[in-house]
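Construct the entire structure; sequences and hints are all you get.
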Amino acid sequence: MTNLITEVTELAKEYQVALINLMKIGTVFSGEAIFNEVFFECPCNQKEAKMYAIMLILGPAAAMFFIALLINKMSFRMAYGYCKRSEELQFECQTCCYYFVVIIIKALVGPAAWIFGTLLDGRYYPCIRLEQPCNRTSEEFKEYRGHSQFLAIVMLCVTVAVIYCVFMCRACCCGYSYNYRRLMEIYQEAEETAFEDKLNETAKQKAERNVNSFLNEHPTKRDWEMIARAPPLNC
Amino acid sequence: MTNLITEVTELAKEYQVALINLMKIGTVFSGEAIFNEVFFECPCNQKEAKMYAIMLILGPAAAMFFIALLINKMSFRMAYGYCKRSEELQFECQTCCYYFVVIIIKALVGPAAWIFGTLLDGRYYPCIRLEQPCNRTSEEFKEYRGHSQFLAIVMLCVTVAVIYCVFMCRACCCGYSYNYRRLMEIYQEAEETAFEDKLNETAKQKAERNVNSFLNEHPTKRDWEMIARAPPLNC
Amino acid sequence: MTNLITEVTELAKEYQVALINLMKIGTVFSGEAIFNEVFFECPCNQKEAKMYAIMLILGPAAAMFFIALLINKMSFRMAYGYCKRSEELQFECQTCCYYFVVIIIKALVGPAAWIFGTLLDGRYYPCIRLEQPCNRTSEEFKEYRGHSQFLAIVMLCVTVAVIYCVFMCRACCCGYSYNYRRLMEIYQEAEETAFEDKLNETAKQKAERNVNSFLNEHPTKRDWEMIARAPPLNC
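Residue numbers (the working numbering), protein chains in the order written: chain A, 133 to 367; chain B, 133 to 367; chain C, 133 to 367.
Mixed in with the good hints there might be a few duds.
Treat identical chains as interchangeable: a pair holds within one or across any two.
[As the list claims (entries may be wrong)] With a straight-line cut-off of 27 Å between C-alpha atoms, the simulated DSS-like cross-links for lysine-lysine are: (1) Lys216 to Lys205; (2) Lys353 to Lys205; (3) Lys338 to Lys205; (4) Lys336 to Lys145; (5) Lys330 to Lys353; (6) Lys336 to Lys205; (7) Lys353 to Lys216; (8) Lys330 to Lys205; (9) Lys145 to Lys338; (10) Lys205 to Lys145; (11) Lys330 to Lys145; (12) Lys205 to Lys156.
Just so you know, the hints here were simulated from the structure itself, not pulled from any lab data.
Structure follows, in structure tokens:
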């Protein structure tokens, strides 16, 4: 039994990125299904309907994009201290661009899933195109619904094909062999974990030492006031 | 299995702030959904309806704002002893402002989620704008509902974008590198924990010593009366 | 009880490839069933309907094909460093072709299941062939539905027969006996596991050593900035 769990864990680790993306996409899809059921209703005025549908396709996608940027550690890692870093320590332009592109692409997964979902659902697109957007039983509605799903499938195929080509090109032009690159990946992850552990340990030891020495030296009222000051970590 | 649990815990720790905010927002949303189902009903008199809807949008938001201030430790930490602190120990104006802004922003998460929810729900806004607020099947109602959801999405996008920009600027102008700042954060947390532990320990020892010495010295009736007095911690 | 579990695990290991394919096909089928219920609706315009149905048969199949390529480790393993490999280390053309065919065939399992499912479902094919594609009660619709299911069964039989023949031929022309080949298979798997474990171990040791030496040497601000740089693994 434990054998099975270990194997599943191993598999999960190996396909980590794929799994995370799958979870992201699944979350977006289920969120979208609920959202559509509860909130989407096409207004009858043509102009209004157009604005409304476009907003509901692009708005949440834009919000998701910024949220994804917000919880991406990498971008903040590069930004911290940017303005006060000495010239020689600045990132090279090439590295910077590379990471910028990677961050953007990662942040686009959610929005792409949202737009794909709205197109596949097939109620937003007719809402944009129809002259009488309220009428959801007309021939025309069905036709535009078909167009919408058509676009969704094309979008899916093109996206996946492009991603495959980009990954393939990157792999071909890489200077490392597959297994050596794998070692480097594993090393990076291990380094990060070890660094984090060591930071925790160091901080804990230091904190305990400081607190002990403060409380053992019979602090005066003035000392208590001093430490009442908020800590100086204001950035 | 334990491996999995450890990893989940690690992840939860890393994205602590994001998780807490997510939980806050989730609580507000589910509370709002129940609240709306049970309590919201737009009155038919236009003027009444306007007042009612505005009250139900802004009232709970204001309440949440004050509750968030109330459970924020930081503000009390800064306020305690403010009037009786010697001049030299007062916070600098800059630090004070910084923390004030941070506290306000944290307290705004709940209210913002509430207002976003009411706008997305799309029944409050028509209640404010319609001339016959009772009629929920009219064309006009649908139109205003669309406006409301439109506003909600715009609000979401703008908020997230602004937050991202602010965080990015703060990161760029910070004098520390990402990893050094991380160490400081971890240190602060460790110090707080250690301080709390030490306070508990010290207080317990002292209390036990005092109680013991009181009970071992055969207290008279007068001594018992003395300690019946409420303790003098009146602030 | 444990005996039973062990036996099931053994069985699962022996028929691993078959099980994985079964799971793939099952996932495709259930996904298709949901997809059809929610999204498929044949437009009434004949030309539109034709395009729509063909797209919904071939589009997802193509997407699945590319996704399968994308999560296939083998192709990336061969591609990494392709352009920068010295002449003598390039794969031989024969090996290359063999793996290429294997990768393609593996990636075709999902698409084939999808197409088989659409044909067996029997709503896509009439949508392509009927002159009045909306009318789903006509005699003609039933007829074409029959054709579609007929095609599905033929496709299934032919595919399975071809696969059997190919496997048989390969087995006959193989220079090893069944059991020796089995030993080689098991050896390969064991080697991969051992390699992976060793990589993990090596990386972990090295990472811990490096992190310790960094934090023990009282890093200056410049050192902290240095490690804030993103790691150089840009391919």
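Results for each hint:
In this assembly of identical chains, lysine 216 and lysine 205 lie within 27 Å of each other by CA distance solely inside one copy; the values are 20 Å within and 32 Å between copies. For the identical chains of this complex, lysine 353 and lysine 205 are inter-copy neighbours only, at 21 Å across copies versus 41 Å inside a copy, given an alpha-carbon limit of 27 Å. Proximity of lysine 338 and lysine 205 under a CA criterion of 27 Å is satisfied in both settings, with 26 Å inside one chain copy and 24 Å between copies. In this assembly of identical chains, lysine 336 and lysine 145 lie within 27 Å of each other by CA distance solely across copies; the values are 16 Å between and 30 Å within a copy.
Taking the shortest alpha-carbon separations for lysine 330 and lysine 353, only the inter-copy value of 18 Å comes in at or below 27 Å, while the best intra-copy value is 35 Å. Taking CA atoms no more than 27 Å apart as the test, lysine 336 paired with lysine 205 passes in both settings, with 23 Å inside one copy and 22 Å between copies. For a Cα distance limit of 27 Å, the shortest separation of lysine 353 from lysine 216 across copies, 12 Å, qualifies, whereas the shortest one inside one copy, 38 Å, does not. Taking the shortest alpha-carbon separations for lysine 330 and lysine 205, only the intra-copy value of 19 Å comes in at or below 27 Å, while the best inter-copy value is 29 Å.
Taking the shortest Cα distances, lysine 145 and lysine 338 sit within 27 Å of each other only across copies (20 Å), while inside one copy they are farther apart (34 Å). Taking CA atoms no more than 27 Å apart as the test, lysine 205 paired with lysine 145 passes in both settings, with 20 Å inside one copy and 14 Å between copies. Proximity of lysine 330 to lysine 145 under the C-alpha cut-off of 27 Å is found in both arrangements, the shortest distances being 23 Å within a copy and 16 Å between copies. Taking the closest pair of Cα atoms, lysine 205 and lysine 156 come within 27 Å of each other both inside a single copy (17 Å) and across two copies (22 Å).
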